[in-house]
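> Residues per chain are reported as follows:
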Amino acid sequence: MFGLSSLGFTAPLLLVALIALPILWWLLRAVPPAPIRRRFPGVALLLGLKDDESQTVTTPWWLLLLRMLAVAALIVGFAGPVLNPKEAGDGRGPLLIVMDGSWASAADWPSRIERVEQLIADAGRQGRPAAIVTLTDLPAGDLVFQTADTVLAGLPSLQPRAWQPDTASVQEWSTRLGEIGFETIWFSDGLEREGRTDLIEALENRGAVSVIQGQRPVVALRPARFEDSLVTVTAIRSPDTGARDYGVVAYGPDPNGVERELARAVASFEPGAAELEVQLDLPTELRNRVRRFEIDGTRSAGATSLTDDSLKRRKVALLASRNDQEAQDLLSPLFYLRRALVPSADLIDGALDDMLLASPDVLILADVATLSDGEREAIAEWAESGGMLVRFAGPRTAAVDLLDDDPLLPIRLRAGGRSVGGAMSWGEPKTLRAFSRDSPFFGLSIPGDVVVSSQVVAEPDPILADRTIASLADGTPLVTRSDLGQGQVVLFHVTANAEWSTLPLSGLFVQMLERLAISTRPTQLDAEDLSGTTWTIEEVIDPFGEVRRADTLPGVAGERLAEPVLGADLPPGLYEGNDRRVALNVINDDTVLQAATWPDTVSVEGISIAEETPLKGAFLMAALTLLMIDILASLLVGGRLRGPRQAAAVLLAAIVLVPATVEAQDTSAGDELALQATSDVVLAYVQTGDAAVDRVSFEGLRGLSRSLFLRTSVEPIEPVAVDLETDELSFFPLIYWPVTEGQATPSTDAYARLNRYLRTGGMIVFDTRDANIGGFGTATPAGRKLRQLAAPLDIPALEPIPADHVLTRTFYLLQDFPGRHDSRDVWVEAAPANAEQIDGLPFRDLNDGVTPVLIGGNDWASAWARDERGQPLYPVGRGYGGERQREMAVRFGVNLVMHVLTGNYKSDQVHVPALLDRLGN
Amino acid sequence: MNQDPATSPAGLRHRAETHASAYPALLAEAEHLAATILLGDHGRRRAGTGDEFWQYRPAERGDGLRDIDWRRSARSDAHFVRQKEWQAAQSVMLWVDDALSMTFTGGDDRPTKGHRARVLALALCVLLNKGGERFGLANRGTPPRRGEGQLGRIATHLMAAAGTADYGTPNARVLPAGSRAIFVSDFLGDLDPVSKALTSATDRGVKGALVQVLDPDEEAFPFDGRTVFESMSGAVRFETLKARALKDAYLDRLAARKAALKSLARHTGWQYHCHHTSTPAASAMLWLYQALDRGA
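So the protein sequences, as listed, match chains A and B. Quick note on numbering: full-length UniProt numbering labels position 323 of the first sequence as 323, and the sequence is numbered without any gaps. Quick note on numbering: full-length UniProt numbering labels position 80 of the second sequence as 80, and the sequence is numbered without any gaps.
Chain A extracted, bound-state conformation (with noise of 0.2 Å):
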């Protein structure tokens, strides 16, 4: 192959042929076009005239340049040129596939996986053994080259990680390539590592290294923040790529739970700049449910970020007992509290009523004793819903009578507090006992001044034990914490000021609070607070950036948490632990992206392969087209070009020039269908393409139109046929829709149509007409085709029809809707789960609206068909019994139409009686 850049030729030698064209131009001068002969009675007038002009009987320049352009085409064509010829590979040797295999590699993956797949079998075609590499996922063994049918088996099982290689075991691996030479590829993804020169140098020792890099910008966020009430999301990328704009969106549930958009931003980066910082506004309860970011379109590891706690601001309600004397701040029960809570959680003040309406994840009642019924069964109604109940001690508290069971307290205290180490005690102040395993302080470390002089003390019990998770040196409870519903309640023992103890002017009083999970703040991992910890992960990054439970991934020692390194058995995620959640994001906050460098030996292409594309059908052409253009220029200078035959051949040539697509809009027709539609009454159907399907369906609307004219006061016309892709849908009030297998799956604009005829009150019969070969929900073909079909509209759930069904009664009385096919399986949208019978009645009130879709199998059309006469077309069933089938099929079409046509009206408890009367009850 002979080629250009770009450009190739399979028979370049034609070429040559091009010298000839000098000498066709002056061929073709010499030529002068042929004159017309034309018979004019008037010539005798012309004898003796003379040319005044020396017309030229040379082809004009114009037209000459055109046959040259038309042969010059014709050459090159018949050359056989090429576009983006392919390169037949000249290596020799074993090929190695080395590919990063991170990340950053996932978002173009399929098209490096389409890659390596051709180069594989292009090393296959030369006999050439191969083997693939990934970084991330190093062999154990030495380097084994096999065969390419072997490596392309194993080609699709190749997934990229949602880590980076590691440099130690690259470099490890680079020591065990072995002796024997071979070819190398490296699929990179254009991010610069450490450690990569080494692997380069050993892998050249061995033999050429070519290097293959992805064109498309990496892009990752980094793991978002929270500073003046906003949320700051960092997008970072390679920077020598120019202005572009990435949407970053943040995900969470919705009130319903259902995982949606809850936020989205535009990050515009300046053509080079390497991170951009995008804030996004957001309220409270929004940025609460805020499960992860995403920079939209972009499928990998990176573009995603999970966030944990450290985004999540609680909202804590605070209350106090009422002050009845003027205390300075700094003895106000709420001053530390607030102090230590302010930076981190969302405070709400009020009267406790307004404070419970705020819904707020944790309240904290600071030395409130008396509580009135309405107020302790408010709280105990949204303890048990899920909230956290905080309580501290006092004054208060040890002075009131406390009820025996007060489900507010965690246990039961003993009325009156007790005072140790005071000015009228003989103990020292008690320091704090180590916290234990199972205690959610653990881990914490105790300050030595941390002292408690006055605590309230718990009655004996044998749950006690249980429910401390705190305890001074003596072991008297200082914290004790039980569950509420699905909430839980937690007494310090001790105010929440300075006055019974020294805790609240601690750090650990801060750290207690957040570990409770009352307050977050950014996660500050340290080994030693890890240490011995387990954590489990709850959900893991995959390299394309999905985010999925991980159910069934081991725990992870806590350690690991602190210096994280993610790898296979630290994959990036959301871990869990001691009630609080970390993740641990692709990105971090320092990393930053950096386009590969590559040392000059290498050579570096892109990785898009362009398609071969044979040019020479398009030359062919253009000669052709030149060629008719050609035949109209000659008739131009021949003066022939006049009179309505001239007329018709250049229009013939101007059809065959520009090939037409233009359909005719036939809007008359679309009106007349409109007309004909609302005018009256009409059934229609979806076309199919299969034309025997199509007439049946005619006939079957037809012989059901014909029986709801005969019967009820609807009258229908003729049906009609709809196109779904050109059709207006709104004016026909059912829609039979016979599935056939090889139906046409509508477009991308019908769909939207179809969902808003649905959403509108239209109704969609679908029939599979397959109900003899399997009842609905097997998987028969048309079954198959139907769930294709069906998949992109806005269906509700479906339920079989219930007995009680509207259908059952809106015109005839029916237990059965048989058609051709006599099966129970026939689906309509399901009854709302609310839906109760009500004693004495015989049918539930269902559903406020008309069923959007009805699907089953029975072939209904074929049932209802009819002829111009109005006789059955099709057999169904045999003898007296079928007729009786083709008569219920009918009704089951008349009481499809009723119900249509007057929804619930039948459902109306107005007409209970009358039915009551005709069921015989």
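Note that these hints are calculated values from the structure, not bench results. Note that the Cβ used here is the ideal one computed from N, Cα and C, for glycine as well. One or more of the hints may lead you astray.
[As the list claims (entries may be wrong)] Each computed DSS-like pair below joins lysine-lysine, with the alpha-carbon atoms no more than 25 Å apart: (1) K258(B) x K50(A); (2) K262(B) x K207(B); (3) K242(B) x K50(A); (4) K258(B) x K196(B); (5) K247(B) x K262(B); (6) K84(B) x K130(B); (7) K50(A) x K247(B); (8) K262(B) x K196(B).
[What the hints assert, rightly or not] Cβ pair distances, simulated, as ranges: (9) Q290(B) x R37(A): 35 to 45 Å; (10) P143(B) x R37(A): 40 to 50 Å; (11) M628(A) x A259(B): 41 to 51 Å; (12) M628(A) x H267(B): 53 to 63 Å; (13) L251(B) x D671(A): 51 to 61 Å; (14) L65(A) x L251(B): 34 to 44 Å; (15) R37(A) x L251(B): 16 to 26 Å; (16) A162(B) x R37(A): 17 to 27 Å; (17) R37(A) x D248(B): 22 to 32 Å; (18) L64(A) x H267(B): 49 to 59 Å.
Go by the hints and put chain B onto chain A.
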């Protein structure tokens, strides 16, 4: 049987029927055209031989018995003679050019010049027949007659006539002295025979009208490019490389031809009219009728 269709009985009959079918069509067309002109009063406003009643006058000495109108005389005591209006029948001779040049038409939407000329002539004959004049075809050389029979003969001759020459020449020898003559032609050929015929006709007291029938293409010369113009028989050829450039020269010559015809007509006391096949035949018909009325 593979006979030459031109000579086989079937072919002959086919052609005969073609002509026969065209003849009533031509006649019908001509009568239709003639019907557009209402016949006015043709009488000489005095008594004489004729068909129409003119007046009753008292019988005088010398009146023959057979001249007395007894029905009128019985209503009074005197005898009355019934007088008729004098109607002198005119002889009108028509020459319709049947040369090849008349078979030309520039477009499918209009008739050939020859057809238009035949329709005009025949329509005039119909009118003349209604007016009681005698008429004849100078092409045929037969004397003028009147009646439906003559009309039929003329129609048949007009249909059958097909000259072989490129351009036709009028025949003035057969014109009876003192008659009227109508020459219908395109007058594109040599003008000398026309001029001779006209002068010789005038010498014999024949007056008449020249109707030049032209196709719009001959007026407009809408040609372009390298063209070989041929006469209808192909005998005369003229080649040009750029037809458009000749347009002005051609139009000048055509105007000169018309002027020559007009001056010829003026000198001989004839009338001249130029008719285009693109315009309705009725206009030419009206002009012809008025020309005859003016004493052409």
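> Would you mind marking each hint as holding or not holding in the structure?
Going down the list of hints, with the structure as the test:
1. K258(B) x K50(A): holds (22 Å)
2. K262(B) x K207(B): holds (14 Å)
3. K242(B) x K50(A): Given that 25 Å is the threshold and the Cα spacing comes to 10 Å, the pair holds.
4. K258(B) x K196(B): holds (17 Å)
5. K247(B) x K262(B): holds (22 Å)
6. K84(B) x K130(B): Given pair K84(B), K130(B) holds - Cα atoms ~18 Å apart, limit 25 Å.
7. K50(A) x K247(B): holds (11 Å)
8. K262(B) x K196(B): The given pair, whose Cα atoms are some 15 Å apart, holds under the 25 Å limit.
9. Q290(B) x R37(A): 35 to 45 Å: holds (42 Å)
10. P143(B) x R37(A): 40 to 50 Å: For P143(B) and R37(A) the Cβ distance comes to about 44 Å; the hint holds.
11. M628(A) x A259(B): 41 to 51 Å: This hint holds: roughly 48 Å between Cβ atoms.
12. M628(A) x H267(B): 53 to 63 Å: The hint (53 to 63 Å, Cβ to Cβ) holds, given that M628(A) and H267(B) are roughly 59 Å apart.
13. L251(B) x D671(A): 51 to 61 Å: Taking Cβ atoms as reference, L251(B) and D671(A) lie about 54 Å apart, which means the hint holds.
14. L65(A) x L251(B): 34 to 44 Å: holds (36 Å)
15. R37(A) x L251(B): 16 to 26 Å: Holds, at about 22 Å.
16. A162(B) x R37(A): 17 to 27 Å: Given a distance of about 23 Å, which is inside 17 to 27 Å, the answer is holds.
17. R37(A) x D248(B): 22 to 32 Å: holds (23 Å)
18. L64(A) x H267(B): 49 to 59 Å: holds (57 Å)
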